[in-house]
Structures are given as structure tokens and as C-alpha cells.
Amino acid sequence: MSGHRTYRSLTLLYPKSFRVRYRDDLVQHHHDLVEDRGLVGGWLRSGLDLTVTVPVYQLESIMNSRHTALVLNLVTGLLGTAGLALVLVGFPIGLVLLGVAVVIAVTQRSELARSLRETSPAQRRRRFAAAAVLAVLAAAALMVAFNDDEWGDRGAVIYNVSFLVLAIGSVGCFVVALVGRPRTHGSMTR
Amino acid sequence: MIDDDVTSYLPLPQTQFHVLVALTAGERHGYAIMGAVEESSGGVVRMGPATLYGSLKRLVDAGLVEESDRRPGADDDQRRRYYRLTGLGREVCRAEADRLAHLVTTARINLRPGIA
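Chains as they are written, first to last, in the working numbering: chain A, 56 to 245; chain E, 194 to 309.
None of these hints come from the bench; they were simulated from the model. Even glycine gets a Cβ: it sits at the ideal position worked out from N, Cα and C. Be aware that a few hints might be false.
[Said to hold, decoys possible] Sample of chain E residues lacking proximity to chain A, with all beta carbon distances greater than 10 angstroms (derived):
id, residue
1, 235
2, 264
3, 299
4, 305
[Stated by the list, open to error] A partial selection of chain A residues facing chain E, derived with a Cβ cut-off under 10 angstroms:
id, residue
5, 62
6, 66
7, 69
8, 85
9, 86
10, 87
11, 88
12, 91
13, 103
[Claimed, not checked] The following label-pair restraints were derived from C-beta to C-beta distances:
id, chain 1, residue 1, chain 2, residue 2, range
14, A, 58, E, 232, 22 to 32 angstroms
15, E, 217, A, 184, 38 to 48 angstroms
16, E, 301, A, 91, 29 to 39 angstroms
17, E, 236, A, 79, 20 to 30 angstroms
18, E, 204, A, 76, 24 to 34 angstroms
19, A, 194, E, 279, 48 to 58 angstroms
Chain A with its partners taken away, still in its complex shape (with noise of 0.2 angstroms):
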């Protein structure tokens, strides 16, 4: 027995996508390598490539640009929810949102930054709509704060932070599509 059910078992460390696509070639891999090198030779090379290769996967697998648009498109909807929040339901809902968006975009700066780099023409796109939706709702929070009496001071106040929070992911989502360029395919790692 050469611990094929094993090896195929530490094969679940990988991310999804590789191990889903290579799953049975790795296998088969190790299979071949114990057949010829012997359970201690094959089990040596198919170990220590396991030990090197799961936290680059790992790491490369949550640096990958479909993750740093979730993280930019999480920030931008729980600002614009934020801003929504404000106007609707009143301060603590939309102050909590606002500080979820905060503590996100703060944790995840690095992967913001990238995904500030690297985008492709749709995410533009999408991120100029955003720009754009979140801008008609800061215009529509300021027109109320200036229009409405009845809400008091406290209204008021309501309305300008939403309108702020509005203002600050619009200009952010059209800052971030104006300057994050295309994807090169060139750039492949090891």
C-alpha cells in the first residue's frame, strides 16, 4: 500500500480550483513516483513538494484578483448601504455599516491597493455605475438636508453625514475606474 488514499486526502490543502483541476493528475503523480523511486523515495518528494507548494497555492489563491474586487466591491456596497442607512433608518444602523466599511477597507488595504492596479474593462465599467448611483444619492441626502424643515437639527445632521459617506464612496469607486488599469497577461509568477 502506498498511501495513495492518504496522499489524496493532503491533497485537500490546496485552494478549490487547483485541486479540483489536478486532483487525479497529482494522484497519479505519486503513484508513478512510488512506483519508481519506492515508498520512501516517492513519499519524500511528493512530502516535500506538499510542504512548499499548499501555503504558496494558499497565499497566491487569496491574493488573486477575484478576491481584491470582492474586498473593493464589499466597501463600496457597505458605503453605499451606509449612506442609505442614514437616510432611512436613522444613526446607529448606518454608523455601524459605515464602521464595518471602515474596518475592511483598512484591513484589507493591500488587497484594495491592488485591486486599485489591476482591473479589467467590465469591473470599470461596473465601478463607474457605482460612481455614478452613489453620486444621485449624495445629491438626492444633500437636497433633503437643505429642503426639509421637519426633521430638526438632528435630521440635518442625518443627511449631511449620509450625504458624506454618499460623496466619499462616489468619488472613491470613480477614482478607483479612472486609475486602475487593464490586466497584462505577461505577468506570470513561479
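Since the structure of chain A is already known, use the hints to place chain E on it.
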């Protein structure tokens, strides 16, 4: 003359270049590629399963290598997948070989006895 599209892939990581060189001899499955790389490098480059398939994944994603339709012989495991160079992969491999040859020439000239 090398066009910009090809040069944008250079320099290739060492393992990927070895894989491309192994495939210049024709279609091969993963284990055969590993054997060819070991042989051509004099045993210096030793790739484990995930290192090899990680390199193949990047090369396939970049359009330099593709999966072949060829199926294994009756005496071999039918699940084996064969890989081959694409036209672009061959051009990139050639460009990388030229680049390295130029580098070697420069190194040899600079390292001649009598040159500081």
C-alpha cells in the same frame, strides 16, 4: 524579430521554461514531463507533483501549453492527460532561449581571463 506580445512573457520562471523545453520534443503527460526535465537538467531541477501541475496550470492559463486530445495507449492509465505546446508557447520558448543564450554570451565575454 520578437514581437511585444512574446516579450511580455519574459523572463520565464525557471520551472516553466524547463516544462516548455520538455514539451518541444512532443506531447507528454505530467510524469513524462517531470522525467524529461530531470534528465535535461542533469538532475538539478527536481519537481514534485504540485510544482509540476502548478507550472502547467500557469502555462495553460497563459495559452502557452494546451491539453492534447491524444489518449494513452492500452497498456497505460487511461486517466493520464497529455500536454503540448501552442504556437505562442513555441515562440515564447524560443524567445526565452535566445534571451538566455545572449546572457550566456555576455557572461562568457565578461568572464574571459584578463577582463576585470
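| Does the structure break any of the earlier hints, and which numbers would those be? | Violated hints: none at all, because every hint is consistent with the structure.
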